[in-house]
Amino acid sequence: MDFSSKILLIEDDEKLSHLLTDYLSGYGFEVTSLNSGELAVEAILSHKPDMVILDLMLPKVDGLTIGRQVRNQFNGIILMLTASGDDMDHVAALEMGIDDFVQKPVLPRVLLAKIKSLLSRSASLHQRTQAKSSDKERIFGALWLSNVLKRCKLNNQLVSLTPSEFALLWHLVEHPEQVISREALLKSLRNIDYDGLDRSIDNKVSQIRKKLNDSSARPRGLITVRGKGYMFVPEFW
Amino acid sequence: MMTRLFVSLYFGLLLTMYLFFIMLHVLNTNLVVDVYNIIDADNFSAEITLLNELERHVSEDESKRLLQLIAERNKIIIEPVEKSAIPLSILETLIDHDVWVDDEYYDYFKVFSSKQYYRMFDDESNNLVKLTEELDDYIVLSLIIMLAFCCFIWFFNLHRKLRLIETTVVNISEGDLTARVPAKKSLRVGRLNSSLNTMADKLEHLLDSHKKLTLSIAHEIRSPLFKMQLHLELLDKRADKPSQEHIQGLEDEIYAIEEMVEELLKFAQMERAELKPVFKSIVIDEFLELNCEKLQKECKSRIHLQVDSSFDLLVDKYLLSRAIKNLIINAEKYGNTNIYVIARKTDKKIQICIEDDGVGIAEENTELIFQPYYRQDIHSGKAGFGLGLSIVKEIVNLHNGNISVSNSHYGGAKFTLEFSAES
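First to last, the sequence lines map onto chains A and B. Those letters in the first sequence? Residues 1 to 237, per this note's numbering, in order. Those letters in the second sequence? Residues 1001 to 1423, per this note's numbering, in order.
Extracted from the complex, chain A is given alone in its bound form:
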């Protein structure tokens, strides 16, 4: 993944703009920010960022107008920040060339994951030669998982997971940086034998966290996205 991607942030709220710049820079992105919509089109075309993060509600010129104006001349990704799910027609906006939406407030980790996945999606569109990692083995930092052996190692130490815990973890690891709903997780366990007193996904996740030394008070490797599900964070390990 290209971590030095250029991001242009167009957000009229200066504080938010500052915070987002800080946060995204911390993950290696090169962030430039702009506080008004009037110069946005010009800036996008001259700056040629990999991604534009556009606030929908900008004074004078709104995000959608900007998106429509640059779409024909700009090949990067346009991610729209909205404050409410129903203040616009998403389908119409997608047709207008907006690549994706994020509704404020969003867990910063989830926003980051979305940015990354959008960037990698466009990268793999341009260069399909990217090496595909093996289907049977996953390595993230100190974490090693093998789907063939159903084994999990952390810092070269074997971690003993029950079959369903492993299946759950594998499912999350296979979709890194994506919020996986409990429903989907439950489905991934369909063919696994019932192996504990409690069938609850939540309890299994907290067991996995405990075994992998992820903080239970504020998990960072296997995070909870409230009301939505769980997400695996690759860089934590």
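Any given hint could turn out to be false.
Distance condition first, Cα-Cα at most 25 angstroms in a straight line; then the derived SDA-like pairs of lysine to any residue [to be verified]:
| id | chain 1 | residue 1 | chain 2 | residue 2 |
| --- | --- | --- | --- | --- |
| 1 | B | Lys1227 | A | Ser200 |
| 2 | B | Lys1241 | A | Ser146 |
| 3 | B | Lys1185 | B | Ser1209 |
| 4 | B | Lys1325 | A | Lys60 |
| 5 | A | Lys15 | B | Ser1216 |
| 6 | B | Lys1297 | A | Ser215 |
| 7 | B | Lys1333 | B | Lys1280 |
| 8 | A | Lys187 | B | Lys1280 |
| 9 | B | Lys1237 | A | Ser200 |
| 10 | B | Lys1241 | A | Leu222 |
| 11 | B | Lys1202 | B | Lys1276 |
| 12 | A | Lys228 | B | Ser1209 |
| 13 | B | Lys1333 | A | Leu222 |
| 14 | A | Lys15 | B | Ala1239 |
| 15 | B | Lys1227 | A | Gly229 |
| 16 | B | Lys1241 | A | Gly229 |
| 17 | B | Lys1227 | A | Glu183 |
| 18 | A | Lys210 | A | Ser200 |
| 19 | A | Lys136 | A | Ser120 |
| 20 | A | Lys114 | B | Ala1256 |
| 21 | A | Lys228 | B | Ile1257 |
| 22 | A | Lys153 | A | Arg220 |
| 23 | B | Lys1317 | A | Glu183 |
| 24 | B | Lys1241 | A | Arg226 |
| 25 | A | Lys60 | B | Ser1209 |
| 26 | B | Lys1211 | A | Phe101 |
| 27 | B | Lys1325 | A | Gly227 |
| 28 | A | Lys228 | B | Met1270 |
What the hints contain is simulated information worked out from the structure, not anything from laboratory work. In this text, all values refer to a predicted model and were calculated from it rather than measured experimentally.
Start from chain A and add chain B according to the hints.
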């Protein structure tokens, strides 16, 4: 609708006319004096007087012939009658007068010095009489047809106009606030069209500002929440373990505010009838299991789920999840340590009950609790706008279901959601 109105108006008019003629007749005969019969009797009595005068000069046969002539020319049949065959009341009148005419079949008169009584009645074999009767029939028939025709035209026109108004009202109530009735002169029904349009304008304006208000509330609250989350995330990198717990605590509170904003928005959306449910089939036990599991995390009380037998249900699962969540959160707030979720299916109904072991709801409040912004106890320190149950009610309504509250045998309140098993 149209046929019924048409038929009722048509028969109504016919009946009114019929009654009118009866009343006219009663007025003529009974209330004042029987004018027409008196005139007829007077006219005929002139002929009788002439006959009486002639009797002295002509033979009896000649008199009979003249009587026959009178009968012929008047297109009636005259035949002698026994005095005893005449009704008494008529007989009394015939002492003073020569002729009695009324609306009955027979009219009577006496003539000649022999005071012979006769009765007379219409000669139905006469062509002219026949023709008159036929004409009468045609007149009645054409009246009925004309009435039907007029009613039909009138109703067809009204129906067309009302139909337009009806569609507009239905569209507006279903959430299309831009719907208007055409105000063309030919399509107007009194001031109904223009008043309806004015009302719709006002409604559209009101709901639009309502929408703007809720959206700006959402925007103004969500932006700082997002900034808080970013602050926390940046703080988190440098925080030690105890601080991280506080950070998590703050995140939880932010989430709670977020939820409330979401609740306010959802309710506003439902009130504006903008929410369109998407029905899909779910398997009830799986659905409830997942929901209860998700909610168990947020509840201190233990959630007990009991599904007698699994069955499918056609619902909007996000909306139903939300309803169940609101009810369980409610049970968590007002209950003690246990929450019971029970689903069962009977022949016609599907029931989902959510019960708690708290103090329950006072009888007089069972209606109030479903009203928006109502809160059981404002000072109890329990957060919320009081929209939870209103939302549940709206959701249940969208599913054509029914919600009721009663006392649980666990001590607290029991909310029962009821859906028809066919849907």
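For each hint, the structure was consulted:
1. For the hint pairing B:Lys1227 with A:Ser200, the CA-to-CA distance comes to about 33 angstroms; that exceeds 25 angstroms, so the pair is violated.
2. For a cut-off of 25 angstroms, the pair hint linking B:Lys1241 to A:Ser146 is broken: about 31 angstroms separates their Cα positions.
3. Taken as a hint, the B:Lys1185 and B:Ser1209 pair is broken in the structure, with Cα atoms around 32 angstroms apart against an allowance of 25 angstroms.
4. For a cut-off of 25 angstroms, the pair hint linking B:Lys1325 to A:Lys60 is broken: about 40 angstroms separates their Cα positions.
5. The suggested pairing of A:Lys15 with B:Ser1216 holds, with an alpha-carbon distance near 19 angstroms, which does not exceed 25 angstroms.
6. Among the hinted pairs, B:Lys1297 with A:Ser215 is consistent with the structure: their alpha-carbon atoms are about 17 angstroms apart, no more than 25 angstroms.
7. This hinted pair does not check out: B:Lys1333 and B:Lys1280 have alpha carbons roughly 31 angstroms apart, beyond 25 angstroms.
8. Distance hint between A:Lys187 and B:Lys1280 is fulfilled; the C-alpha atoms sit about 18 angstroms from each other, no more than 25 angstroms.
9. For the suggested pair B:Lys1237 and A:Ser200, the alpha carbons sit about 31 angstroms apart, so the restraint of at most 25 angstroms is broken.
10. Distance hint between B:Lys1241 and A:Leu222 is fulfilled; the C-alpha atoms sit about 17 angstroms from each other, no more than 25 angstroms.
11. Taken as a hint, the B:Lys1202 and B:Lys1276 pair is honoured in the structure, with Cα atoms around 23 angstroms apart against an allowance of 25 angstroms.
12. Of the pairs offered as hints, the one joining A:Lys228 and B:Ser1209 is violated, with about 31 angstroms between alpha carbons and a cut-off of 25 angstroms exceeded.
13. In summary, the hint linking B:Lys1333 to A:Leu222 is not supported, as the alpha carbons are separated by about 29 angstroms, beyond the 25 angstroms threshold.
14. Taking the CA atoms of A:Lys15 and B:Ala1239, the gap is about 22 angstroms. The hint holds against a cut of 25 angstroms.
15. Our distance criterion of 25 angstroms between C-alpha atoms is met by B:Lys1227 and A:Gly229, whose separation comes to about 22 angstroms.
16. Annotation: proposed proximity of B:Lys1241 to A:Gly229 holds, straight-line Cα distance about 24 angstroms (limit 25 angstroms).
17. The hinted pair formed by B:Lys1227 and A:Glu183 fails the criterion: a straight-line CA distance of about 30 angstroms is larger than 25 angstroms.
18. For the suggested pair A:Lys210 and A:Ser200, the alpha carbons sit about 16 angstroms apart, so the restraint of at most 25 angstroms is met.
19. The suggested pairing of A:Lys136 with A:Ser120 holds, with an alpha-carbon distance near 21 angstroms, which does not exceed 25 angstroms.
20. Taking the CA atoms of A:Lys114 and B:Ala1256, the gap is near 23 angstroms; set against the 25 angstroms cutoff, the hint holds.
21. With a C-alpha separation of about 16 angstroms, the suggested pairing of A:Lys228 with B:Ile1257 holds against the 25 angstroms cut-off.
22. A threshold of 25 angstroms between alpha carbons decides the hint, and for A:Lys153 with A:Arg220 the separation of about 18 angstroms falls inside it, so the pair holds.
23. Between B:Lys1317 and A:Glu183 the CA atoms are separated by roughly 12 angstroms; this keeps the pair inside 25 angstroms, and the hint holds.
24. A distance of roughly 21 angstroms separates the Cα atoms of B:Lys1241 and A:Arg226; the hinted pair therefore holds under the 25 angstroms criterion.
25. At most 25 angstroms may separate the alpha-carbon atoms for a hinted pair to count; A:Lys60 and B:Ser1209 meet this at roughly 20 angstroms.
26. Of the pairs offered as hints, the one joining B:Lys1211 and A:Phe101 holds, with about 21 angstroms between alpha carbons and a cut-off of 25 angstroms not exceeded.
27. Between B:Lys1325 and A:Gly227 the alpha-carbon distance is near 11 angstroms, which keeps this suggested pair within the 25 angstroms criterion.
28. For the proposed pair A:Lys228 and B:Met1270, the alpha carbon gap of about 22 angstroms is at most 25 angstroms, so the pair holds.
The earlier numbered hints that this structure contradicts are 1, 2, 3, 4, 7, 9, 12, 13, 17.
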